[in-house]
Amino acid sequence: MGKNEKAKERREKRRQEISLLRTIPYSDHQRWWSKETIAVVTGGNRGIGFEISRQLAAHGLTVVLTSRDTNVGLEAAKVLQEGGLNVFFHQLDVLDPLSINEFADWLQKNYGGLDILVNNAAVNFNIGNDNSVEHARMVIETNYFGIKNMIQAMVPLMKPSSAGSRIVSVSSRLGRIHGRRNRVEDANLRQQLGDPDLLSEEVIDQMVSTFLKQVEDGTWESGGWPQTFTDYSVSKLAVNSYTRVMAKIFSERPEGQKIYINCYCPGWVKTAMTGYAGNISAEEGADTGVWLALLPDQAITGKFFAERREVRF
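The letter at position 43 of the sequence shown is residue 43 when you use full-length UniProt numbering, and the numbering goes up by one with no holes.
Hint data in this document are derived by calculation from the structure and do not stem from the laboratory. Just so you know, these numbers come straight off a predicted model, no measurement behind them. Take these hints with a grain of salt, some might be off.
[Unchecked claim] With a straight-line Cα cutoff of 27 Å, these simulated DSS-like cross-link-like pairs (lysine-lysine) come out: (1) K13 x K159; (2) K109 x K78; (3) K6 x K78; (4) K148 x K303; (5) K6 x K35; (6) K13 x K248; (7) K213 x K148; (8) K303 x K8; (9) K148 x K13; (10) K13 x K3; (11) K3 x K159; (12) K148 x K159; (13) K35 x K3; (14) K303 x K248; (15) K13 x K109; (16) K35 x K159.
[Said to hold, decoys possible] Label-pair ranges, simulated between beta-carbon atoms: (17) E185 x E255: 26 to 32 Å; (18) R312 x H29: 17 to 23 Å; (19) A187 x Y26: 20 to 26 Å.
Beta carbons: idealized from backbone N, C-alpha and C, even for Gly.
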(Lines of atoms letter the chains of each structure in order from A and count residues from 1; the text may use other names and numbers.)
(Lines give C-alpha, C1' and ligand atoms only; values in the text may rest on other atoms or scores of the structure.)
Protein backbone atom coordinates (compact mmCIF):
# COMPACT_ATOMS: atom_id res chain seq x y z
CA MET A 1 0.00 0.00 0.00
CA GLY A 2 1.38 3.41 -1.03
CA LYS A 3 1.81 6.45 1.20
CA ASN A 4 -1.31 8.19 -0.13
CA GLU A 5 -3.41 5.07 0.29
CA LYS A 6 -2.24 4.66 3.90
CA ALA A 7 -3.06 8.28 4.66
CA LYS A 8 -6.49 7.87 3.10
CA GLU A 9 -7.08 4.73 5.18
CA ARG A 10 -6.08 6.57 8.39
CA ARG A 11 -8.43 9.45 7.58
CA GLU A 12 -11.31 7.09 6.91
CA LYS A 13 -10.66 5.24 10.17
CA ARG A 14 -10.66 8.53 12.08
CA ARG A 15 -13.89 9.61 10.40
CA GLN A 16 -15.52 6.38 11.54
CA GLU A 17 -14.24 6.90 15.10
CA ILE A 18 -15.68 10.42 15.22
CA SER A 19 -18.95 9.26 13.71
CA LEU A 20 -19.22 6.80 16.59
CA LEU A 21 -18.29 9.46 19.17
CA ARG A 22 -21.11 11.67 17.91
CA THR A 23 -23.64 8.99 18.79
CA ILE A 24 -22.60 8.99 22.47
CA PRO A 25 -24.76 11.50 24.37
CA TYR A 26 -23.34 13.83 26.99
CA SER A 27 -24.08 12.66 30.52
CA ASP A 28 -25.88 14.93 32.97
CA HIS A 29 -22.70 15.78 34.86
CA GLN A 30 -20.97 16.75 31.60
CA ARG A 31 -23.71 19.12 30.49
CA TRP A 32 -22.61 22.49 31.83
CA TRP A 33 -25.10 24.19 29.50
CA SER A 34 -28.88 24.58 29.38
CA LYS A 35 -31.56 26.22 27.25
CA GLU A 36 -30.47 29.54 28.76
CA THR A 37 -26.96 29.09 27.35
CA ILE A 38 -26.60 31.43 24.37
CA ALA A 39 -24.42 30.53 21.38
CA VAL A 40 -23.82 33.03 18.57
CA VAL A 41 -22.80 31.63 15.19
CA THR A 42 -21.61 34.00 12.45
CA GLY A 43 -22.31 33.08 8.84
CA GLY A 44 -24.86 30.55 10.03
CA ASN A 45 -27.14 30.62 7.02
CA ARG A 46 -25.48 27.76 5.13
CA GLY A 47 -22.71 25.17 5.09
CA ILE A 48 -20.63 24.62 8.21
CA GLY A 49 -22.19 27.56 10.06
CA PHE A 50 -25.68 26.20 9.52
CA GLU A 51 -24.58 22.76 10.72
CA ILE A 52 -22.87 24.16 13.81
CA SER A 53 -26.07 26.05 14.60
CA ARG A 54 -28.17 22.93 14.13
CA GLN A 55 -25.93 20.70 16.23
CA LEU A 56 -25.59 23.18 19.11
CA ALA A 57 -29.35 23.69 19.19
CA ALA A 58 -29.88 19.92 19.06
CA HIS A 59 -27.79 19.68 22.24
CA GLY A 60 -30.30 21.97 23.94
CA LEU A 61 -28.69 25.40 23.67
CA THR A 62 -30.31 28.58 22.40
CA VAL A 63 -28.59 29.57 19.17
CA VAL A 64 -28.50 33.00 17.58
CA LEU A 65 -27.80 32.39 13.91
CA THR A 66 -26.41 35.42 12.09
CA SER A 67 -26.05 36.23 8.42
CA ARG A 68 -25.15 39.28 6.37
CA ASP A 69 -28.17 38.64 4.15
CA THR A 70 -31.40 39.00 6.14
CA ASN A 71 -33.63 36.94 3.85
CA VAL A 72 -31.41 33.86 3.69
CA GLY A 73 -30.70 34.11 7.42
CA LEU A 74 -34.37 34.20 8.28
CA GLU A 75 -35.02 31.22 6.02
CA ALA A 76 -32.18 29.22 7.59
CA ALA A 77 -33.45 29.93 11.10
CA LYS A 78 -36.98 29.01 10.04
CA VAL A 79 -35.82 25.62 8.77
CA LEU A 80 -34.23 24.86 12.13
CA GLN A 81 -37.19 26.20 14.09
CA GLU A 82 -39.51 23.93 12.12
CA GLY A 83 -37.35 21.06 13.35
CA GLY A 84 -38.18 22.06 16.93
CA LEU A 85 -34.85 23.75 17.63
CA ASN A 86 -34.36 26.90 19.68
CA VAL A 87 -32.76 29.04 16.97
CA PHE A 88 -33.21 32.75 16.34
CA PHE A 89 -31.88 35.07 13.68
CA HIS A 90 -30.31 38.50 13.62
CA GLN A 91 -28.63 40.29 10.73
CA LEU A 92 -24.88 40.80 11.15
CA ASP A 93 -22.10 42.00 8.88
CA VAL A 94 -18.76 41.33 10.60
CA LEU A 95 -17.12 44.08 8.52
CA ASP A 96 -19.60 46.80 9.50
CA PRO A 97 -19.03 48.42 12.92
CA LEU A 98 -22.58 49.77 12.96
CA SER A 99 -24.02 46.33 12.25
CA ILE A 100 -21.87 44.80 15.02
CA ASN A 101 -22.87 47.49 17.52
CA GLU A 102 -26.55 47.07 16.67
CA PHE A 103 -26.24 43.31 17.08
CA ALA A 104 -24.41 43.68 20.41
CA ASP A 105 -27.12 46.01 21.75
CA TRP A 106 -29.87 43.61 20.63
CA LEU A 107 -28.06 40.62 22.14
CA GLN A 108 -27.58 42.38 25.47
CA LYS A 109 -31.19 43.56 25.60
CA ASN A 110 -32.77 40.23 24.65
CA TYR A 111 -30.42 37.66 26.18
CA GLY A 112 -28.18 39.52 28.61
CA GLY A 113 -25.12 38.54 26.60
CA LEU A 114 -23.72 35.25 25.32
CA ASP A 115 -21.80 32.18 26.48
CA ILE A 116 -20.37 30.86 23.20
CA LEU A 117 -19.13 32.65 20.09
CA VAL A 118 -18.46 30.64 16.94
CA ASN A 119 -16.60 32.67 14.32
CA ASN A 120 -17.55 30.97 11.08
CA ALA A 121 -18.18 33.80 8.60
CA ALA A 122 -15.50 33.67 5.90
CA VAL A 123 -14.90 34.06 2.18
CA ASN A 124 -12.69 32.40 -0.41
CA PHE A 125 -12.63 33.40 -4.06
CA ASN A 126 -10.43 30.57 -5.36
CA ILE A 127 -11.82 27.23 -6.47
CA GLY A 128 -9.86 24.17 -7.56
CA ASN A 129 -6.30 25.07 -8.56
CA ASP A 130 -6.98 28.80 -8.86
CA ASN A 131 -4.69 31.05 -6.86
CA SER A 132 -5.73 34.59 -7.71
CA VAL A 133 -5.15 37.31 -5.09
CA GLU A 134 -7.50 39.74 -6.82
CA HIS A 135 -9.79 39.73 -3.78
CA ALA A 136 -7.04 39.50 -1.16
CA ARG A 137 -8.16 42.56 0.78
CA MET A 138 -11.72 41.27 1.11
CA VAL A 139 -10.45 37.84 2.19
CA ILE A 140 -8.14 39.29 4.87
CA GLU A 141 -10.72 41.79 6.11
CA THR A 142 -13.48 39.18 6.38
CA ASN A 143 -11.56 36.14 7.59
CA TYR A 144 -9.18 37.88 9.99
CA PHE A 145 -10.39 41.36 10.84
CA GLY A 146 -14.01 40.16 10.90
CA ILE A 147 -13.08 37.70 13.65
CA LYS A 148 -11.16 40.38 15.54
CA ASN A 149 -14.14 42.72 15.28
CA MET A 150 -16.48 40.11 16.71
CA ILE A 151 -14.22 39.03 19.55
CA GLN A 152 -13.61 42.61 20.63
CA ALA A 153 -17.36 43.36 20.55
CA MET A 154 -18.55 40.14 22.18
CA VAL A 155 -16.02 39.69 25.00
CA PRO A 156 -17.62 42.43 27.16
CA LEU A 157 -20.97 40.62 26.76
CA MET A 158 -19.75 37.16 27.74
CA LYS A 159 -21.52 35.91 30.82
CA PRO A 160 -19.56 35.01 33.96
CA SER A 161 -19.76 31.31 34.81
CA SER A 162 -17.81 28.56 36.53
CA ALA A 163 -17.67 26.67 33.21
CA GLY A 164 -16.16 29.63 31.38
CA SER A 165 -17.25 31.23 28.14
CA ARG A 166 -15.99 29.79 24.86
CA ILE A 167 -14.82 31.18 21.53
CA VAL A 168 -14.31 28.82 18.58
CA SER A 169 -12.98 30.09 15.25
CA VAL A 170 -13.31 28.03 12.08
CA SER A 171 -9.85 28.06 10.50
CA SER A 172 -7.73 25.83 8.27
CA ARG A 173 -4.63 23.66 8.14
CA LEU A 174 -3.62 25.92 5.25
CA GLY A 175 -2.79 28.49 7.92
CA ARG A 176 -0.20 26.41 9.78
CA ILE A 177 3.22 27.92 10.45
CA HIS A 178 5.06 24.64 10.22
CA GLY A 179 3.13 22.79 7.55
CA ARG A 180 5.34 20.83 5.20
CA ARG A 181 3.46 22.39 2.32
CA ASN A 182 2.04 25.87 1.94
CA ARG A 183 4.06 27.44 4.75
CA VAL A 184 5.47 30.96 4.97
CA GLU A 185 9.08 30.85 3.75
CA ASP A 186 10.28 33.88 5.73
CA ALA A 187 12.22 32.29 8.61
CA ASN A 188 12.12 35.47 10.71
CA LEU A 189 8.35 35.72 10.38
CA ARG A 190 7.95 32.05 11.23
CA GLN A 191 10.05 32.59 14.35
CA GLN A 192 7.93 35.55 15.42
CA LEU A 193 4.68 33.66 14.83
CA GLY A 194 5.93 30.50 16.52
CA ASP A 195 7.44 32.03 19.66
CA PRO A 196 4.85 32.94 22.33
CA ASP A 197 7.18 35.62 23.68
CA LEU A 198 7.49 37.30 20.28
CA LEU A 199 3.96 36.78 18.99
CA SER A 200 1.62 39.74 19.36
CA GLU A 201 -1.38 41.29 17.70
CA GLU A 202 0.97 43.90 16.21
CA VAL A 203 3.10 41.18 14.61
CA ILE A 204 0.03 39.61 13.02
CA ASP A 205 -1.35 42.94 11.79
CA GLN A 206 2.04 43.82 10.32
CA MET A 207 2.16 40.48 8.53
CA VAL A 208 -1.20 40.94 6.81
CA SER A 209 -0.39 44.58 6.06
CA THR A 210 2.88 43.56 4.37
CA PHE A 211 1.09 40.87 2.39
CA LEU A 212 -1.61 43.25 1.15
CA LYS A 213 1.00 45.88 0.23
CA GLN A 214 2.89 43.29 -1.83
CA VAL A 215 -0.36 42.25 -3.50
CA GLU A 216 -0.98 45.87 -4.46
CA ASP A 217 2.51 46.44 -5.86
CA GLY A 218 2.67 43.03 -7.56
CA THR A 219 5.58 41.58 -5.56
CA TRP A 220 3.68 39.03 -3.47
CA GLU A 221 4.87 36.01 -5.51
CA SER A 222 8.46 36.63 -4.42
CA GLY A 223 7.43 37.38 -0.83
CA GLY A 224 7.60 33.78 0.38
CA TRP A 225 3.87 33.49 1.04
CA PRO A 226 1.96 30.17 0.90
CA GLN A 227 1.71 28.88 -2.66
CA THR A 228 -1.82 27.44 -2.47
CA PHE A 229 -4.93 29.57 -1.88
CA THR A 230 -2.46 32.28 -0.88
CA ASP A 231 -4.80 35.01 0.39
CA TYR A 232 -7.03 32.51 2.20
CA SER A 233 -4.01 30.77 3.75
CA VAL A 234 -2.56 34.06 5.02
CA SER A 235 -5.94 34.99 6.51
CA LYS A 236 -6.15 31.68 8.36
CA LEU A 237 -2.53 31.92 9.50
CA ALA A 238 -3.55 35.24 11.06
CA VAL A 239 -6.61 33.64 12.71
CA ASN A 240 -4.56 30.80 14.18
CA SER A 241 -1.96 33.22 15.50
CA TYR A 242 -4.57 35.59 16.93
CA THR A 243 -6.15 32.67 18.77
CA ARG A 244 -2.93 32.14 20.71
CA VAL A 245 -2.53 35.86 21.44
CA MET A 246 -6.05 36.12 22.86
CA ALA A 247 -5.69 32.88 24.86
CA LYS A 248 -2.72 34.40 26.64
CA ILE A 249 -4.68 37.57 27.42
CA PHE A 250 -7.77 35.66 28.55
CA SER A 251 -5.70 33.43 30.85
CA GLU A 252 -5.23 36.42 33.14
CA ARG A 253 -8.95 36.76 33.79
CA PRO A 254 -10.16 35.77 37.28
CA GLU A 255 -12.03 32.54 38.02
CA GLY A 256 -15.67 32.79 37.08
CA GLN A 257 -14.83 35.13 34.20
CA LYS A 258 -12.61 32.83 32.16
CA ILE A 259 -12.87 32.74 28.37
CA TYR A 260 -11.43 29.77 26.51
CA ILE A 261 -10.56 30.28 22.85
CA ASN A 262 -9.55 27.69 20.25
CA CYS A 263 -9.60 27.28 16.47
CA TYR A 264 -10.02 24.28 14.24
CA CYS A 265 -9.83 23.00 10.68
CA PRO A 266 -13.12 21.45 9.51
CA GLY A 267 -11.43 19.65 6.63
CA TRP A 268 -12.25 19.89 2.93
CA VAL A 269 -16.02 20.15 3.23
CA LYS A 270 -18.67 19.90 0.54
CA THR A 271 -19.93 23.48 0.73
CA ALA A 272 -20.35 26.45 -1.57
CA MET A 273 -16.91 27.68 -0.53
CA THR A 274 -15.24 24.59 -2.06
CA GLY A 275 -17.60 24.49 -5.02
CA TYR A 276 -19.06 21.37 -3.36
CA ALA A 277 -15.88 19.53 -4.32
CA GLY A 278 -14.94 18.57 -0.75
CA ASN A 279 -14.61 15.04 0.55
CA ILE A 280 -16.59 15.32 3.81
CA SER A 281 -20.07 16.52 4.68
CA ALA A 282 -20.96 19.76 6.43
CA GLU A 283 -22.15 17.65 9.38
CA GLU A 284 -18.66 16.17 9.73
CA GLY A 285 -17.02 19.54 9.18
CA ALA A 286 -19.04 21.10 12.00
CA ASP A 287 -18.29 18.34 14.52
CA THR A 288 -14.98 19.51 15.99
CA GLY A 289 -16.27 23.06 16.37
CA VAL A 290 -19.30 21.86 18.31
CA TRP A 291 -17.13 19.52 20.38
CA LEU A 292 -14.80 22.39 21.31
CA ALA A 293 -17.71 24.66 22.21
CA LEU A 294 -19.17 22.06 24.57
CA LEU A 295 -16.09 20.50 26.16
CA PRO A 296 -17.12 19.70 29.74
CA ASP A 297 -13.66 20.25 31.19
CA GLN A 298 -12.53 23.35 29.33
CA ALA A 299 -9.01 23.94 30.54
CA ILE A 300 -8.02 23.80 26.88
CA THR A 301 -7.27 27.16 25.27
CA GLY A 302 -5.08 28.66 22.57
CA LYS A 303 -4.98 25.40 20.62
CA PHE A 304 -5.59 24.32 17.03
CA PHE A 305 -7.61 21.17 16.32
CA ALA A 306 -8.72 18.93 13.49
CA GLU A 307 -10.88 15.83 13.81
CA ARG A 308 -11.09 16.32 17.60
CA ARG A 309 -7.31 16.16 17.94
CA GLU A 310 -4.80 18.90 18.62
CA VAL A 311 -2.68 19.80 15.61
CA ARG A 312 0.65 21.61 15.73
CA PHE A 313 0.45 25.23 14.58
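(request) Indicate whether the distance between the beta carbons of A187 and Y26 respects the range 20 to 26 Å. (result) 44 Å, violated
(message) Assuming the hint says 17 to 23 Å, is it satisfied by the Cβ distance from R312 to H29 or not?
(response) 32 Å, violated
(message) The hint says 26 to 32 Å between E185 and E255; measuring C-beta to C-beta, is that right?
(response) The hint (26 to 32 Å, Cβ to Cβ) is violated, given that E185 and E255 are roughly 43 Å apart.
(message) Check whether the Cα positions of K35 and K3 lie no farther apart than 27 Å.
(response) 47 Å, violated
(message) Next pair to validate is K109 with K78; report whether the Cα-Cα distance is within 27 Å.
(response) At roughly 22 Å apart (the allowed maximum being 27 Å), K78 and K109 satisfy the hint.
(request) Decide if the proposed pair is consistent with the structure: K3 and K159, CA atoms, cutoff 27 Å inclusive. (result) 48 Å, violated
(request) Would you check the hint for K303 and K8, treating anything up to 27 Å between C-alpha atoms as holding? (result) Holds - the C-alpha atoms of K8 and K303 are around 25 Å apart, at most 27 Å.
(request) Given the hint that K13 pairs with K248, test it: the Cα-Cα distance must not exceed 27 Å. (result) 34 Å, violated
(message) Would the hint linking K148 and K13 be met if the CA-CA limit is 27 Å?
(response) 36 Å, violated
(request) Given the hint that K6 pairs with K35, test it: the Cα-Cα distance must not exceed 27 Å. (result) 43 Å, violated
(request) Could you grab the alpha-carbon distance between K35 and K159 and see if it respects the 27 Å cut-off? (result) 14 Å, holds
(request) For the pair supplied as a hint, K148 and K303, confirm whether the alpha-carbon distance does not exceed 27 Å. (result) 17 Å, holds
Taken one by one, the earlier hints fail for this structure at numbers 1, 3, 5, 6, 9, 11, 13, 15, 17, 18, 19, listed in ascending order.
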